[in-house]
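Visitor: Sequence:
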Amino acid sequence: MGKNDESCDSCPEGQVRKDGKCVMPDVTFSALVMSLNTAALLHLGEISDPGSGEKQKDVTLAKHTIDTLVMLEDKTKGNLGEDEKNLLKHVLYDLKMRFVKIENS
1 MGKNDESCDS CPEGQVRKDG KCVMPDVTFS ALVMSLNTAA LLHLGEISDP
51 GSGEKQKDVT LAKHTIDTLV MLEDKTKGNL GEDEKNLLKH VLYDLKMRFV
101 KIENS
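To convert, note that position 35 of the sequence shown is 35 in the working numbering; the numbers rise steadily by one, no gaps.
There may be inaccurate statements among the hints.
Said to hold, decoys possible - Under the rule of at most 30 Å between Cα atoms (straight-line distance), these lysine-lysine pairs were calculated in the DSSO-like manner: (1) Lys85 x Lys57; (2) Lys89 x Lys21; (3) Lys75 x Lys89; (4) Lys89 x Lys77; (5) Lys75 x Lys96; (6) Lys77 x Lys96; (7) Lys63 x Lys21; (8) Lys77 x Lys55; (9) Lys101 x Lys55; (10) Lys75 x Lys85; (11) Lys89 x Lys57; (12) Lys89 x Lys55; (13) Lys85 x Lys63; (14) Lys101 x Lys63; (15) Lys77 x Lys101; (16) Lys75 x Lys57; (17) Lys63 x Lys89; (18) Lys21 x Lys75; (19) Lys21 x Lys55; (20) Lys63 x Lys75; (21) Lys63 x Lys96; (22) Lys96 x Lys85; (23) Lys77 x Lys21; (24) Lys63 x Lys77; (25) Lys101 x Lys89.
In short, the hints are calculated from the structure, not lab data.
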């Protein structure tokens, strides 16, 4: 089905099972936030595309990803642990500051 079902030569260190397949990270709220953070950083041109190795900016997609995180923050108010709440708050602050810097340049 996915990469978990195929042999994976490019798994992160320590992420390979005995049968040689990649291990997927646990499904957690924090993992979701970090995944969206990575996507936003990619769209802001802050990190390289893993496929091409190039940095590309797509401000529209970056804004959409940040807006998705804002929606998650609104919809999960009162339902997050302190660590989850702080992670989301700090990720959003960082991404918004990076977005404003790009918009003002």
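Visitor: Take the hints in turn and mark each one as holding or not.
Guide: Here is what the structure says about each hint:
1. At roughly 28 Å between alpha-carbon atoms, Lys85 and Lys57 fall within 30 Å of each other, so this suggested pair holds.
2. Between Lys89 and Lys21 the CA atoms are separated by roughly 34 Å; this puts the pair beyond 30 Å, and the hint is violated.
3. Restraint check: the Cα-Cα separation between Lys75 and Lys89 comes to about 14 Å, which is no more than 30 Å; the hinted pair holds.
4. Under the criterion of a C-alpha separation no larger than 30 Å, the hint pairing Lys89 with Lys77 is consistent with the structure, at around 11 Å.
5. Restraint check for Lys75 and Lys96: the C-alpha separation of about 19 Å stays at or below 30 Å, so the hint holds.
6. Of the supplied pair hints, the one linking Lys77 and Lys96 holds, its CA atoms being roughly 19 Å apart against a limit of 30 Å.
7. Simply put, Lys63 and Lys21 have alpha-carbon atoms about 34 Å apart, too far for the 30 Å limit, and the pair is violated.
8. Of the supplied pair hints, the one linking Lys77 and Lys55 is violated, its CA atoms being roughly 34 Å apart against a limit of 30 Å.
9. At most 30 Å may separate the alpha-carbon atoms for a hinted pair to count; Lys101 and Lys55 meet this at roughly 17 Å.
10. The suggested pairing of Lys75 with Lys85 holds, with an alpha-carbon distance near 12 Å, which does not exceed 30 Å.
11. Note on Lys89 and Lys57: the hinted pairing holds, with a Cα-Cα distance of about 23 Å set against a maximum of 30 Å.
12. With a CA separation close to 26 Å, the supplied pair Lys89 and Lys55 stays within the 30 Å bound.
13. Using a Cα cut-off of 30 Å, the hinted pair Lys85 and Lys63 holds, with the two alpha carbons roughly 21 Å apart.
14. In summary, the hint linking Lys101 to Lys63 is supported, as the alpha carbons are separated by about 13 Å, within the 30 Å threshold.
15. Under the criterion of a C-alpha separation no larger than 30 Å, the hint pairing Lys77 with Lys101 is consistent with the structure, at around 28 Å.
16. Straight-line distance between C-alpha atoms of Lys75 and Lys57 comes to about 28 Å, which keeps the hinted pair within the 30 Å bound.
17. Distance check on the hinted pair: Lys63 and Lys89 sit about 16 Å apart at the alpha-carbon level, within 30 Å; holds.
18. In summary, the hint linking Lys21 to Lys75 is not supported, as the alpha carbons are separated by about 35 Å, beyond the 30 Å threshold.
19. For the given pair, Lys21 sits about 29 Å from Lys55 by alpha-carbon distance, which is consistent with the 30 Å threshold.
20. Using a Cα cut-off of 30 Å, the hinted pair Lys63 and Lys75 holds, with the two alpha carbons roughly 18 Å apart.
21. Taken as a hint, the Lys63 and Lys96 pair is honoured in the structure, with Cα atoms around 9 Å apart against an allowance of 30 Å.
22. Of the supplied pair hints, the one linking Lys96 and Lys85 holds, its CA atoms being roughly 16 Å apart against a limit of 30 Å.
23. With a C-alpha separation of about 37 Å, the suggested pair Lys77 and Lys21 falls outside the 30 Å cut-off, and the hint is violated.
24. A threshold of 30 Å between alpha carbons decides the hint, and for Lys63 with Lys77 the separation of about 21 Å falls inside it, so the pair holds.
25. Under the criterion of a C-alpha separation no larger than 30 Å, the hint pairing Lys101 with Lys89 is consistent with the structure, at around 18 Å.
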